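Please build the complex by placing chain B on the supplied structure of chain A, with the hints as guidance.
Chains A and B are the protein sequences, given in the same order. Take the first sequence: its letters are residues 1 to 330, numbered as in UniProt numbering. Take the second sequence: its letters are residues 1 to 330, numbered as in UniProt numbering.
Keep in mind that the hints are not guaranteed to be accurate.
Here are the simulated lysine-lysine pairs, DSS-like style, with alpha carbons at most 27 Å apart [said to hold, decoys possible]:
(1) Lys102(B) x Lys121(A)
(2) Lys131(B) x Lys221(B)
(3) Lys175(B) x Lys102(A)
(4) Lys102(B) x Lys134(A)
(5) Lys135(A) x Lys68(A)
(6) Lys275(A) x Lys325(B)
Incomplete in silico selection of chain A near chain B, CB under 8 Å [what the hints assert, rightly or not]:
(7) Arg59
(8) Glu60
(9) Lys61
(10) Ile105
(11) Gln112
(12) Thr123
(13) Phe142
What the hints contain is simulated information worked out from the structure, not anything from laboratory work. As the structure is a prediction and not an experimental result, all values here were calculated from the model. All C-beta atoms in this analysis are idealised placements derived from N, C-alpha and C, irrespective of residue type, glycine included.
Residue strings, one per chain:
There are 2 protein chains.
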Amino acid sequence: MADTSAKRLLDSDKTGEPAPDVKRGKTDNENGREDGNESVQENVLSGFKTSSVLSDSAREKNIFIHGKVADQDAVVILEKTPIREDSLAELFSGSTLKLEMKNDIYSTYRLQAPPHLNEIKTTVVCPATEKHIKKYQRKESFLVEETEEDYKNITLPHIVKQSFSVQWVYNILEKKAEAERIVYEDPDPDVGFVLLPDFKWDQKQVDDLYLIAIAHQRDIKSLRDLTSEHVPLLQNIFQKGKEAILQRYNLPASKLRVYLHYQPSYYHLHVHFTKLGYDAPGCGVERAHLIADVIQNLQSNPQYYKTRTLYFPLRADDGLLSKFKEAGRL
Amino acid sequence: MADTSAKRLLDSDKTGEPAPDVKRGKTDNENGREDGNESVQENVLSGFKTSSVLSDSAREKNIFIHGKVADQDAVVILEKTPIREDSLAELFSGSTLKLEMKNDIYSTYRLQAPPHLNEIKTTVVCPATEKHIKKYQRKESFLVEETEEDYKNITLPHIVKQSFSVQWVYNILEKKAEAERIVYEDPDPDVGFVLLPDFKWDQKQVDDLYLIAIAHQRDIKSLRDLTSEHVPLLQNIFQKGKEAILQRYNLPASKLRVYLHYQPSYYHLHVHFTKLGYDAPGCGVERAHLIADVIQNLQSNPQYYKTRTLYFPLRADDGLLSKFKEAGRL
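For reference, chain A alone in the conformation it holds in the complex (with noise of 0.2 Å):
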């Protein structure tokens, strides 16, 4: 999901040089505001030319443009900041408010604050080459509605024929990389599975708690392929998986979401456990599914995930959305 975010983003992206000589602006001080001591600056913004949005969050209240300092291609990221507490008493004596909408008890305004007090992070990366423009670039998504028989025409035959390698869960599976970060194992062929951590998660702390289990059984491709016969295995993630967490990291089931993805980002059967109310990417409904409602739904109807329409997220740069569009399915 947050694919956008101006954090991940940012720090993805330091791939420039070394600086030997970096200069520093002096600190602000504490209540931000302007005390003629600042490195007030020329505007080297006041003529910068908007060539494109590359993304933004309404969310996370940022934006990645794309455009020219003086002739230089350049990437200039806004984040508003933080509210911050010990500025309240000042920004409610000393703004503008205006009226939107009142209902009963509820009332909602514009409050227009001055500038100190509700400043924008700005970050410059000039001169910016191709690269970090695309790095930058949101790539948007389309829900895809996929009947059973978009599944066996269009997908499959996708999948089929990208063949995507996944010897690296081979590897995982057989001990040969990543060995020392399982967490647990269950070598059963059939309902057996290895339990670690994501590389998404650092595991410095609980709050934001990300493991994968991957099943032993190499011919799961995904939910689709899923029938009542695979219960047992589920059953079998689920409960030893919640065990190995809660011993591991003294954190109850009461705490887990436990889901698959689809689309998965590869085709061997995996599941998901992250903390609850942790955001982690890919929790949304448009393509987490619940192992316990997929349970369920296997066990009332065997042929729920064969039979039934599913809808989930394509980025416009994915291979599979040309074909949903050819098809003129989207």
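The following block gives chain B in isolation, referenced to the frame of chain A:
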């Protein structure tokens, strides 16, 4: 997902008494500029005394504050607004930049913008009861498993006993409040509904589009009450809601995530329409149910939601969680 999000907390608080006397400020003009015609209020917050910060989010740039407005308890919610593409030129030319750091091709600044280009959305709940204050307080969540029997023995009695007021919903359906916010209405008493922007959405950009469809039928508390007889109602909301959004906001169905919450914030049937790719609070798999899935499930099993075990998160201070604990179900 984001338990501390301004948005969900705001959503989940609609428990106020009826409002016979609904006043309303003049709607702001399109580009958010001052033009002398707007309803500039006396600053009701200039004398606001903060008692405590109930919660805040550095990621979403919001803060929930408990305090006093003229001796009355109030909750004030501040949230910075998304950065709008159409204001960028004026933002760059009209702002002051302060250099913070320069390293190689990367530099960061603090940008001080003209106040009308950098507003803070402000919501006031006044007078606020102890219940409001508790509700806005940051709280941990727990995943609850609710069987058919749990619903009958624990959840339903709790809902009935609490008799949460939905008078504000009836005000909307009867045009006693928010009538000018209505985007679309189908007045049919059986399958009709009112579509209007959610409070969380400032309607300035479609990136975080969030609308709510409220059914005219008054006897459906939640997902649990739905049977196959409600399929025409759900299909009508889904279809006409998508059409209205395409017409008004030029956003096609492939960019929409349409879902119900279980548990809902209020027990009158309503459907959420949010933009795909916008991490809307409450769109996580643990609380959201795609309307397309709900329709399919009811079509193949009329009693699906009456009989199924459902999973949902409850906050630590939710009375329903205590009931599940007392019953030994957590």
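Is Lys102(B) within 27 Å of Lys134(A), Cα to Cα?
This hinted pair holds, its Cα atoms lying about 23 Å apart.
Minimum beta-carbon distance criterion (8 Å), Arg59(A) to chain B
Given a least distance of 5 Å, the restraint on Arg59(A) holds.
Mind checking the alpha carbons of Lys135(A) and Lys68(A) for me, to see if they're no more than 27 Å apart?
17 Å, holds
Is the hinted pair Lys102(B) and Lys121(A) satisfied, with a Cα-Cα distance of at most 27 Å?
14 Å, holds
Given the proposed pairing of Lys275(A) with Lys325(B), does the C-alpha separation stay at or below 27 Å?
21 Å, holds
Taking the closest Cβ pair, is Ile105(A) under 8 Å from chain B?
5 Å, holds
Have a go at the Thr123(A) hint: is there a Cβ in chain B nearer than 8 Å to its own Cβ?
5 Å, holds
Hint Glu60(A) vs chain B: min CB-CB distance below 8 Å?
6 Å, holds
Hint validation: Gln112(A) versus chain B, beta carbon distance must be below 8 Å. Holds or violated?
Hint on Gln112(A): holds, closest Cβ of chain B at ~4 Å, below 8 Å.
For the pair supplied as a hint, Lys175(B) and Lys102(A), is the alpha-carbon distance within the 27 Å limit?
Holds, at about 14 Å.
Holds or violated: Lys131(B) with Lys221(B), Cα cutoff 27 Å?
Holds: Lys131(B) and Lys221(B) sit about 21 Å apart, inside 27 Å.
Hint validity - Phe142(A) Cβ closer than 8 Å to any chain B Cβ:
4 Å, holds
The structure meets every hint from the earlier list without exception.
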